[in-house]
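Colleague: Given these sequences and hints, build the entire structure.
Residue 1 is where the sequence shown starts when you use the working numbering, and the numbers rise one by one after that.
One should not assume that every hint holds.
Cβ pair distances, simulated, as ranges [as the list claims (entries may be wrong)]: (1) S76 <-> E201: 29 to 37 Å; (2) E74 <-> G7: 26 to 34 Å; (3) T182 <-> K62: 35 to 43 Å; (4) D244 <-> N173: 50 to 58 Å; (5) K146 <-> V47: 33 to 41 Å; (6) E52 <-> A16: 17 to 25 Å.
Just so you know, these hints were derived from the structure itself, not from any lab.
Built from N, CA and C at the ideal position, the CB exists for glycine as well.
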Amino acid sequence: MKIIPCGDEHIEELVAFIVRLNDEPSNHIAFFGVGEADVRSALDECVIPISEGFRLANENEKLIGIFGVDADPEISRAWLLGPIIEHAQWQKIADELFSTILPMIPEGIREQEIFCDVNNTHVRSFAEKHHFPPRAETAIFSLDRKTYIKQSASSNIIDFQESYFAPFETLHNELFPNTYYTARQIVEKIDDQHRLLLAVEGERLLGYHFCKIESESGYVDFIGMDSSARGRGIGASLLASGLDWMFASPTTARVNLTVNADNDSAQNLYKKFGFVCERITIGFRKTVNV
Numbered sequence: 001m002k003i004i005p006c007g008d009e010h011i012e013e014l015v016a017f018i019v020r021l022n023d024e025p026s027n028h029i030a031f032f033g034v035g036e037a038d039v040r041s042a043l044d045e046c047v048i049p050i051s052e053g054f055r056l057a058n059e060n061e062k063l064i065g066i067f068g069v070d071a072d073p074e075i076s077r078a079w080l081l082g083p084i085i086e087h088a089q090w091q092k093i094a095d096e097l098f099s100t101i102l103p104m105i106p107e108g109i110r111e112q113e114i115f116c117d118v119n120n121t122h123v124r125s126f127a128e129k130h131h132f133p134p135r136a137e138t139a140i141f142s143l144d145r146k147t148y149i150k151q152s153a154s155s156n157i158i159d160f161q162e163s164y165f166a167p168f169e170t171l172h173n174e175l176f177p178n179t180y181y182t183a184r185q186i187v188e189k190i191d192d193q194h195r196l197l198l199a200v201e202g203e204r205l206l207g208y209h210f211c212k213i214e215s216e217s218g219y220v221d222f223i224g225m226d227s228s229a230r231g232r233g234i235g236a237s238l239l240a241s242g243l244d245w246m247f248a249s250p251t252t253a254r255v256n257l258t259v260n261a262d263n264d265s266a267q268n269l270y271k272k273f274g275f276v277c278e279r280i281t282i283g284f285r286k287t288v289n290v
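Modeller: So this is what it looks like as structure tokens:
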């Protein structure tokens, strides 16, 4: 077996390998999504260049495994993108690939995270072996354009305004502590493909919805309400406004989101719009000494 960096000449082979295997629950790495568009979008978002962050395992000139890493120094977290392996000696190859990507993690990164389907027993065993504590299970929901059940939205939904940044940051940190985007990072991403919607009442922020369009898919990245505003249909209005915007793009075939697997109230809301649960995933995160 030979392990090599993923040079530009290997990108298409990398994409094809992930697309072919990642649809199966037993192989699924949640960072990549499902299908070619999702995989390419995930790779395009990597901060660490693919040629530096990914390693390929070959045997007899055949690709048998991949493992990559990406990182965000601002939140001091690295994401382990894999491993995806097609070989009887799965754990041995995973360990060897792991040893080659660890040096690619920037200095000072305190956390490492793995994210896979609950049925990916190989990766779950790998996480346990390397002392990654499990986190809460999450449900992956998807909504196809043809099954979208349009709902009415409140007129009190507006696009982000800088005057609301302070309450937005406070609410975001309260609802999603230690998540993958800070409030400022979300605001800096706003463009034609990324939208931050706010539910307001006068000068008071009641909730927000950060959503995006990537290739053929839309994504509900974050949606949440102030606890005092729940039960008033604000979450439904925020979701409806975001979905209307995402499906207004003719290329958006579906919208995806993740939610804690035990959050029944949120799941019931999504189901009213036509979302269906596609898979259950689990994350593993460990803190390392730096």
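Colleague: So which of those numbered hints doesn't the model satisfy?
Modeller: 4
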